[in-house]
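Q: Sequence:
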Amino acid sequence: MSSLARLAGGALLLLGLAFVWPAQAQEPQAEPTAEQLRTEAEFREGLQAVAGGDYAAAIAIFDAILARDASLVRVRLELARALFLAGDQDERARFQFERVLSADLPQAVQDNVEKFLNAIRKRRRWTLSAELAIVPDSNINGGPDSREVNLVWFPGRPFELSDSATRKSGVGLYSAVNGSYRFDLADHWRLQTSGGLSQRTFTDSEFDDTVLSVTTGPRYLLERGEIGIGLTAYHCWYGLDPYNRFVGLQIDGNYLLSRSVRAEAAFRIGDDRSALDFGRDGLSTDGSVTLRYAVLPELLLYTAASAQREDFDNAFYANVGAGLTAGIYGDLPWGFSAGGSIRVARTWYDGYQPAFATTREDESRQYTAFILNRRINVWRVTPSLRYTHIDNDSNIPIYSYGRDLFQIGVTKEF
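The sequence shown runs -25 to -1, 1 to 389 under mature numbering (1 follows the signal peptide of the UniProt record, and there is no 0).
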């Protein structure tokens, strides 16, 4: 363990306990309940496990306490420290430390928490995660309900769409692996390479969806965040055939603006080439900004804004779009965590479509909700249930559709 970890860890423990206990002693307290006595005994047991280097046991104890009462800042503080000292759970440690900062802590405790966060940013070398889920999907191809299409050229004589172009439902299997590795260049500089492979497979392989991505480039570590620039590329397959590929430049970063607000931003520009549709080649640009606000250690709000421009050769496909997202995440009693989000986006296409006598405009609304139970944790894996509903409304009916997706799965952080 480094001297920084020892000093910061000891200071955080002493200051954190000094912050809580004297404040409690200032006012007369009722006799503690059986539940409070149980929590205090388990908390002391967790502290002893940390002192003895049994971080896995300490994490399990603190997790169990927070599953009963997520508002206990003292316990969350020690959970974050145990996660940090374990050495292989930095992402969870960062998440908990940032949530603790939203509490009314003394300045000295805040300073020590930020030392931990800075140590996590500097020491983290690699990340690896795997996800597996069953995905029932009411509209796997985003097709319309109607089989008939009315063209202005032939009024009163609708054309019939093929089976593959209309709505298809199915149950798929989603799997993904993502990872990254950082090489030290200098005190604040790292070279990071990251990549991922995700796939949704169905009984009918015609609708399988596979994405392979990779990004590499230097990153600069700030006192309260980081920023990076790199070459990025991805290749997509739809069914068993290549669909499109992208090669370009990406700039992204994150920064802790205050005790409660974390900002993230990303910008990407590059060459997008389609393997299927003639004219869907050209310059693609997109960007996003996200703000996460910890109202309380157990309650997070977030909002995001995004925009994109796809300057394709064929004006039918060229478009500009923008979207807004708002969401909430909270730890609930009995070990449950739940959240939800709403996203509204609009897309305006460049080209006039004579067959429909209009220029296409779409509005998409996406509603997502999820729930998990933190008490269910086997080999650091917690299953979750996610539901998403999508309404895509277009002024050209063939592009309008509805979609319902369930995702029942697990994610493993290594």
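Keep in mind that the hints were calculated from the coordinates and are not lab data. You may find that some hints are simply not true.
What the hints assert, rightly or not - Label-pair restraints from in silico Cβ distances: (1) S180 x R13: 41 to 47 Å; (2) R355 x L215: 32 to 38 Å; (3) L172 x A344: 45 to 51 Å; (4) F158 x F389: 17 to 23 Å; (5) V236 x F158: 28 to 34 Å; (6) L215 x I109: 19 to 25 Å; (7) V385 x A238: 25 to 31 Å; (8) T333 x R355: 50 to 56 Å; (9) S150 x F242: 26 to 32 Å.
C-beta: ideal position from N, C-alpha, C; glycine also.
Q: Would you mind marking each hint as holding or not holding in the structure?
A: Consistency of the hints with the structure:
no.: 1; hint: S180 x R13: 41 to 47 Å; result: violated, 54 Å
no.: 2; hint: R355 x L215: 32 to 38 Å; result: holds, 35 Å
no.: 3; hint: L172 x A344: 45 to 51 Å; result: violated, 27 Å
no.: 4; hint: F158 x F389: 17 to 23 Å; result: holds, 19 Å
no.: 5; hint: V236 x F158: 28 to 34 Å; result: holds, 31 Å
no.: 6; hint: L215 x I109: 19 to 25 Å; result: holds, 22 Å
no.: 7; hint: V385 x A238: 25 to 31 Å; result: holds, 30 Å
no.: 8; hint: T333 x R355: 50 to 56 Å; result: holds, 53 Å
no.: 9; hint: S150 x F242: 26 to 32 Å; result: holds, 29 Å
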